Amino acid sequence: MKKIINDPNTVVQDSLRGFAAAHADLVQVHYDPDFVTRVTPKTGKVGVISGGGSGHEPLHAGFVGTGMLDAAVPGAVFTSPTPDPILAATQAADSGAGVLHIVKNYTGDVLNFETAAELASAEGVEVRAVIVDDDVAVKDSLYTAGRRGVGGTVLLEKIVGSAAERGDDLLAVTELAERVNANVRSMGAALSSCTVPHAGKPTFELADNEIEIGIGIHGEPGRQRVNLVPADELVPMLLDPIVDDLPFASGDNVLLFVNGMGGTPLIELYLAYGIAEKQLADRGITVERRLVGNYITSLEMQGFSISVLKLDDELRELWDAPVNTPALRWGV
Amino acid sequence: MKKIINDPNTVVQDSLRGFAAAHADLVQVHYDPDFVTRVTPKTGKVGVISGGGSGHEPLHAGFVGTGMLDAAVPGAVFTSPTPDPILAATQAADSGAGVLHIVKNYTGDVLNFETAAELASAEGVEVRAVIVDDDVAVKDSLYTAGRRGVGGTVLLEKIVGSAAERGDDLLAVTELAERVNANVRSMGAALSSCTVPHAGKPTFELADNEIEIGIGIHGEPGRQRVNLVPADELVPMLLDPIVDDLPFASGDNVLLFVNGMGGTPLIELYLAYGIAEKQLADRGITVERRLVGNYITSLEMQGFSISVLKLDDELRELWDAPVNTPALRWGV
Amino acid sequence: MIDAAWMRDALTRYAKRITEQREYLIELDSAIGDADHGANMDRGMQAVVVALADKPGNTPAEVLKTAATTLISKVGGAAGPLYGTALLRASIAVGDQQTLDGAATVTALVAARDGIVARGKAEIGDKTMVDAWEPAVLAAQDAAATNSPVKEILSLAAQAAEQGAEGTIPLIARKGRASYLGERSAGHQDPGATSSAMFLRALADTAAENSGAAT
Amino acid sequence: MIDAAWMRDALTRYAKRITEQREYLIELDSAIGDADHGANMDRGMQAVVVALADKPGNTPAEVLKTAATTLISKVGGAAGPLYGTALLRASIAVGDQQTLDGAATVTALVAARDGIVARGKAEIGDKTMVDAWEPAVLAAQDAAATNSPVKEILSLAAQAAEQGAEGTIPLIARKGRASYLGERSAGHQDPGATSSAMFLRALADTAAENSGAAT
Ligand SMILES: Nc1ncnc2c1ncn2[C@@H]1O[C@H](COP(=O)(O)OP(=O)(O)O)[C@@H](O)[C@H]1O
Ligand SMILES: Nc1ncnc2c1ncn2[C@@H]1O[C@H](COP(=O)(O)OP(=O)(O)O)[C@@H](O)[C@H]1O
Ligand SMILES: [Mg+2]
Ligand SMILES: [Mg+2]
Ligand SMILES: [Mg+2]
Ligand SMILES: [Mg+2]
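Residue numbers (numbering that gives the first Met the number 0), protein chains in the order written: chain A, 0 to 331; chain B, 0 to 331; chain C, 0 to 214; chain D, 0 to 214.
Please note: incorrect hints may appear among the correct ones.
[Unchecked claim] Straight-line C-alpha distance at most 25 Å; calculated BS3-like pairs for lysine-lysine:
| hint | chain 1 | residue 1 | chain 2 | residue 2 |
| --- | --- | --- | --- | --- |
| 1 | A | Lys41 | A | Lys1 |
| 2 | A | Lys277 | B | Lys1 |
| 3 | A | Lys1 | B | Lys277 |
| 4 | B | Lys138 | D | Lys120 |
| 5 | A | Lys1 | A | Lys138 |
| 6 | A | Lys1 | B | Lys138 |
| 7 | A | Lys138 | C | Lys120 |
| 8 | D | Lys54 | D | Lys64 |
| 9 | A | Lys309 | A | Lys138 |
Hints were generated in silico from the structure; no laboratory data involved.
Computed from a predicted structure; not experimentally measured.
Generate the whole structure from the sequences, applying the supplied hints.
In structure tokens:
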């Protein structure tokens with residue numbers, strides 16, 4: 000295992016310390032239990048928090064700040080945080096207007112956030128939750144744990160965070176979150192595995208000409224292993240299922256998000272973006288807003304995911320609203 | 000070779016097309032010859048341009064925009080651009096106040112920018128150049144081509160770009176560039192090689208427990224191959240030569256830049272940043288500003304570099320000045 | 000008989016087992032999950048050992064409760080809430096009894112399984128820890144019906160759990176992370192069922208070793 | 000005699016050679032550089048072939064000038080300006096002669112080498128293309144001094160260049176990208192010296208094939 004770390008057991012805390020030092024103007028990191036808040040909490044608004052296993056940086060702590068999250072809860076690598084830090088973050092994010100939990104749909108995340116929400120309610124904090132499940136690679140049926148929350152989470156956190164920032168109440172913010180989730184679809188592919196620090200070796204092995212299609216963000220294998228194909232063919236393997244699922248149709252205005260899994264450089268992400276935007280245009284779908292980069296990652300995995308969000312005036316306005324976080328910043 | 004590309008021969012142009020589409024609000028990409036300008040050129044100021052081989056994204060095209068570059072010239076992967084596009088970019092960036100070329104110190108870059116500068120002068124454009132050579136891994140002696148330009152380039156482009164933006168004249172901008180270059184030092188390490196698209200296989204091979212110390216940004220092997228060590232020991236292998244070289248001393252205020260080589264995720268970069276900041280503090284050196292992320296990369300190489308820039312009031316103020324580019328944005 | 004000391008022994012034994020089997024559980028979770036189950040359980044059970052040293056407890060229920068809350072606050076992921084709920088429900092089910100006889104042991108096992116099912120909503124055959132717990136409970140109930148000693152009850156439960164865990168190999172997962180793989184999940188043993196069988200084996204081994212007292 | 004057609008032949012031959020040796024040059028550049036020399040030269044020489052089809056030229060100098068400007072505007076990196084300058088200087092040196100005899104050939108080679116040295120500031124032994132050009136020029140001068148035919152001059156020059164290129168293997172680089180490696184640059188043949196030797200070999204082969212005319 001080749002990583003710039005000291006010890007698999009302390010990697011999350013060691014990294015948080017560097018993150019805290021690097022962004023002391025924006026965030027404050029609390030330890031034991033570990034959670035991250037804005038350095039200057041904003042009161043009188045709905046608190047918006049999220050969390051999950053670490054290894055997806057900048058998600059979620061990199062999105063704490065004005066116009067996005069009030070707090071984030073990083074668990075161990077690929078392991079949902081326990082209820083304690085979620086509860087602490089919930090209480091820190093509450094200033095009387097209630098708190099929205101943005102939870103990616105994984106059994107562990109759902110169970111731990113649920114428990115924390117019960118505990119917070121018992122302490123008098125009004126909590127609602129949105130479960131993000133945008134991954135079209137997984138069939139949402141009786142035969143699965145439901146669709147995973149992947150790239151759409153980033154878009155949802157931005158839009159919903161900005162709605163809370165402008166003063167929307169908990170019900171409105173929750174409904175908006177549901178609406179974003181209902182209008183976003185994602186899918187990913189891996190060119191290489193990642194190595195979980197405490198596992199010490201790659202989660203799966205791929206031959207030189209193989210890729211995994213339909214991966215999540217935890218280094219888990221995908222639905223299908225296929226041969227590497229040129230980008231012009233690879234992009235539609237992700238984009239077509241996305242477009243067909245909602246479905247997106249000619250005349251739609253969308254936000255297109257091409258996300259790197261951590262080990263794929265920008266030169267390739269922009270290349271994929273260019274193809275995706277063109278293929279949407281060919282279907283009569285207009286890309287009005289876009290995001291390209293490493294925003295929800297799987298450690299050092301090589302690969303990318305595509306997310307498409309159907310926009311309307313309100314979603315576009317909230318996307319454009321100022322945001323000032325370690326990982327996303329504009330309008331400020 | 001596993002990459003999200005169509006053809007090694009068109010990878011730069013294919014990626015530029017995606018880049019252009021993704022950032023049409025900020026930049027305009029010109030083809031044949033290939034160069035990138037601001038979508039709304041600013042006149043009445045010194046033009047600041049840079050360029051070099053591709054594969055270092057977001058450098059340089061990602062830094063085109065208000066407060067930073069006026070134009071950038073991407074060559075083939077790891078290959079300096081030819082004089083033609085440099086000349087075209089120089090002419091596009093000139094609005095009568097002259098143009099500064101920011102050139103990383105590689106034989107090819109220096110020769111091609113020199114030729115372009117001669118051609119531009121012949122066309123009546125006043126051109127000056129700064130050669131960035133901040134890499135302490137290379138001895139600057141008769142026995143080398145001189146130190147390479149690496150991470151310091153990013154910091155220089157920001158600071159000098161902001162000086163031009165506020166209206167400094169060509170002489171002042173050039174002198175400032177020299178001053179930044181004189182006050183910044185960098186060094187890098189690789190955990191893996193990168194694969195140049197037209198080469199099709201990794202430039203060098205590293206065993207599972209080996210790393211390269213003192214690498215540049217072109218996938219070239221470093222000065223030394225050593226065994227992988229914990230981050231607490233790895234960071235000073237880069238930081239100590241940097242600090243000793245200028246030298247930086249107790250009481251200094253600095254900007255600390257921890258840069259990823261493209262394949263190393265943020266969780267590791269923040270971890271390295273935390274160690275570096277602490278080790279500087281232990282030497283009495285205060286980190287006043289910082290940058291952490293993938294800004295000057297070597298394709299998908301895993302690894303990182305550290306740059307330290309000695310700050311004074313003017314440099315700090317120029318660093319803080321607004322910048323609005325695809326890859327760096329604040330204050331706007 | 001199972002008393003507080005016995006329960007601490009069993010949990011300590013399980014913690015040791017988990018540390019030994021950490022890599023194996025990580026490997027199982029690599030194949031159909033996210034490669035953390037061994038690390039999760041190890042982190043949790045090490046914390047349980049520490050917590051019990053600090054707060055030994057006077058009844059089996061108190062020991063179980065300390066273990067449950069520690070797991071809930073230290074493990075995370077899916078396994079943390081599931082194991083935590085299991086032990087919490089078992090603790091509640093046996094109340095303040097100083098020692099547990101065969102019937103009480105079965106009560107505890109039933110409550111643990113019900114807790115897992117209540118939280119995780121998995122059914123038998125979904126390729127989860129339920130596939131270890133369900134046969135274990137049935138075997139324990141059968142044994143208790145014939146008034147078998149605790150040692151026997153736990154031994155049969157452990158055996159059934161191990162068979163159940165092995166039986167997950169051909170299954171296609173329908174709950175948890177492995178379900179994302181669809182048909183590709185078949186051919187691999189479920190990590191949570193495996194660690195659950197180890198848990199029941201730790202109980203059985205504790206009973207076997209203390210068999211003089213525990214009959 | 001070397002005329003415009005001969006020069007086009009030679010450059011076309013060189014372009015073919017470079018395409019064949021592209022991977023080899025990339026490999027050499029991987030060991031001590033950035034793995035692009037083969038791609039750079041191939042891109043450039045393919046463009047030269049296209050440019051010459053478009054603009055064949057009437058004199059050796061015109062052909063050389065087209066090649067030079069094409070290389071300058073298509074290759075980039077260190078090799079582009081160096082090769083470009085070499086051919087540009089050679090073109091200027093031979094003026095508007097319709098054909099080049101032995102003396103003129105040497106004049107062209109000297110000018111090419113001087114161009115490379117003027118731009119790159121490398122000395123013999125620095126492990127650069129100069130280590131192929133310098134011995135080639137000396138060999139050509141020696142041969143011309145004894146009034147050898149062009150074919151002979153170029154053959155000896157190519158041979159010397161090849162030996163020079165091979166001779167870069169033990170050297171520690173002091174110019175170009177390989178100099179960053181310090182002592183680690185020893186043990187590898189310089190890619191630019193290698194492609195330079197191929198250039199001179201292409202000239203020699205062209206002369207050999209046209210030997211009836213070229214003596
Ligand atoms: N809904 C569920 N019901 C019962 N057990 C489950 C359920 N979901 C997951 N599990 C169990 O949890 C185990 C995985 O635990 P672990 O790897 O620690 O958590 P995570 O899946 O969050 O990474 C699986 O092997 C399975 O036995
Ligand atoms: N200063 C110099 N003088 C002469 N030749 C040089 C010099 N620097 C580099 N070279 C030659 O250029 C070759 C490398 O060319 P190439 O790989 O195309 O460019 P780059 O080094 O920019 O990637 C080297 O092998 C060497 O022969
Ligand atoms: Mg997990
Ligand atoms: Mg190069
Ligand atoms: Mg797991
Ligand atoms: Mg090269």
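Check your understanding: Do the alpha carbons of Lys138 of chain A and Lys120 of chain C lie within 25 Å of each other, as the hint requires?
Key -> holds, 18 Å
**Study point:** Hinted pair Lys1 of chain A and Lys277 of chain B, Cα distance within 25 Å
**Key:** holds, 23 Å
Check your understanding: Given the proposed pairing of Lys309 of chain A with Lys138 of chain A, does the C-alpha separation stay at or below 25 Å?
Key -> holds, 20 Å
**Study point:** Agreement of Lys41 of chain A and Lys1 of chain A with the hint, judged by alpha carbon distance not exceeding 25 Å
**Key:** violated, 40 Å
Exercise for review: Quickly compare the C-alpha distance for Lys277 of chain A and Lys1 of chain B to 25 Å and report which way the hint goes.
Suggested key: Given that 25 Å is the threshold and the Cα spacing comes to 23 Å, the pair holds.
Review point. Quick one, are Lys1 of chain A and Lys138 of chain B close enough, alpha carbons at most 25 Å?
Key: violated, 28 Å
Check your understanding: Taking 25 Å as the top limit, are the C-alpha atoms of Lys1 of chain A and Lys138 of chain A close enough?
Key -> violated, 35 Å
Review point. Given the proposed pairing of Lys138 of chain B with Lys120 of chain D, does the C-alpha separation stay at or below 25 Å?
Key: Holds, because 18 Å separates the two Cα atoms, which is no more than 25 Å.
Check your understanding: Holds or violated: are the alpha carbons of Lys54 of chain D and Lys64 of chain D at most 25 Å from each other?
Key -> holds, 11 Å
This entry does not satisfy hints 1, 5 and 6, going by the numbered hints stated previously.
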